[in-house]
Amino acid sequence: MNQNLFTSFMTPVMLGIPIITLIIMFPTILFPAPTRLINNRTISIQQWLTKFRSKQLMITHNSKGQTWSLLLVSLILFITSTNLLGMLPHSFTPTTQLSMNMGMAVPLWAGTVIMGFRNKTKASLAHFLPQGTPTFLIPMLVIIETISLLIQPVALAVRLTANITAGHLLMHLIGMATLALMSISLFTAFITFIILTLLTILEFAVALIQAYVFTLLVSLYLHDNT
Amino acid sequence: MPQLDTSTWFLTILSVMLTLFTLLQPKISMHLYTPNPKPMPTKTQKQHSPWNTAWTKIYLPLL
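Line order of the protein sequences matches chains V and F.
If you read the first sequence in my numbering, its first letter stands for residue 1, the second for the next number, and so on.
If you read the second sequence in my numbering, its first letter stands for residue 1001, the second for the next number, and so on.
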C-alpha cells in the first residue's frame, strides 16, 4: 500500500533512460515565441497575462530590483504551468521533487542576500535587529533573526513540495477509497466522489496559489535587499 | 519517500536550471511591449548655429 502510493513520485525512467529532463522542459512548448508584429490569439493572451502579472509584481521595486523582472515572471510561469500540468491523470509533477524546488529556492534567495550585502551592507545587516529591542535581549534576538534568515530558502522549497505532494497523495487516497466503496455501498461512494470533486477544485487553486506565493516571497526578499 | 533519493537530484537540478534560464527566458523576453504613441511637438526648436555668431574671413573674399 505504501509502495503503491509513493511510486508516482519517483523520477520517471523509461527503458532505463531518465526522461525527467524532457518532462521539465515540456511546459516551455506551451508558450510559443512571438514572431510577428500582430500575433495569433494564443500569443496575444499570454503576452497580456505576462504584462499584467509583471506590472503587479514589480511595481513595488526600485529600478535596481526591476532588473529581476524577467527572471521572476518566467519563474511564476514555469511553476504555474508545471503545477497545472500535474493535475492531469497519471502525469508526473516535477514540483513534487524536493531537488527541483531547492534548486530554484536556494540560488534565488542567495542571490537576493548577496546583492543586499554587496550594495547596502549596513542596511542589510541592520535587518538582524528590529528597532526598539531592550538592550539585554540583543544577543538572543540576533541569533533568532539569523536563524530565521537562513531558514527562508528551506521554507520556500519545502512549502511548495509539501503542498503539491500532499494534495496529490490525498487525491490518490480518496480516489482509491471511492473505488473500494463502490462495491460495498453506492451512497457512501457517491459522498466520497463529491469530496473528490471538491478536492480537485482545491488542488487547481493550490497549483496557482503556490506558484504565486513562491514568486511573491522571492520578490519580497528582493525588496528587502535592494 | 522517493523524493529523498539523492541519486537523481543532480540531473533534476541541472534540467531545471537549463529549462528556466535557457529555454523559458528567451521566449518571454521576445514579447514586445511598445509604449503608447506620444504626440510630437509641431514647433521645432530654434537652432543655435555657431557659424552665424562669429564674423569670419569668408565674408570678405577680397582679402
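For the record, the hints were derived by calculation from the structure and aren't laboratory data.
Quick caveat, the model's predicted, so the values are computed rather than measured.
Check the hints yourself; a few may be wrong.
[Said to hold, decoys possible] Pairs of lysine-lysine, DSS-like flavour, derived with a Cα cap of 25 Å:
| hint | chain 1 | residue 1 | chain 2 | residue 2 |
| --- | --- | --- | --- | --- |
| 1 | F | Lys1046 | V | Lys55 |
| 2 | V | Lys51 | V | Lys120 |
| 3 | F | Lys1043 | V | Lys55 |
| 4 | F | Lys1046 | V | Lys51 |
| 5 | V | Lys51 | V | Lys64 |
| 6 | V | Lys64 | F | Lys1027 |
| 7 | V | Lys64 | V | Lys120 |
| 8 | V | Lys51 | F | Lys1043 |
Evaluated hints:
no. : hint                : verdict
1   : F:Lys1046 - V:Lys55 : violated, 39 Å
2   : V:Lys51 - V:Lys120  : violated, 30 Å
3   : F:Lys1043 - V:Lys55 : violated, 35 Å
4   : F:Lys1046 - V:Lys51 : violated, 40 Å
5   : V:Lys51 - V:Lys64   : holds, 19 Å
6   : V:Lys64 - F:Lys1027 : holds, 23 Å
7   : V:Lys64 - V:Lys120  : holds, 12 Å
8   : V:Lys51 - F:Lys1043 : violated, 35 Å
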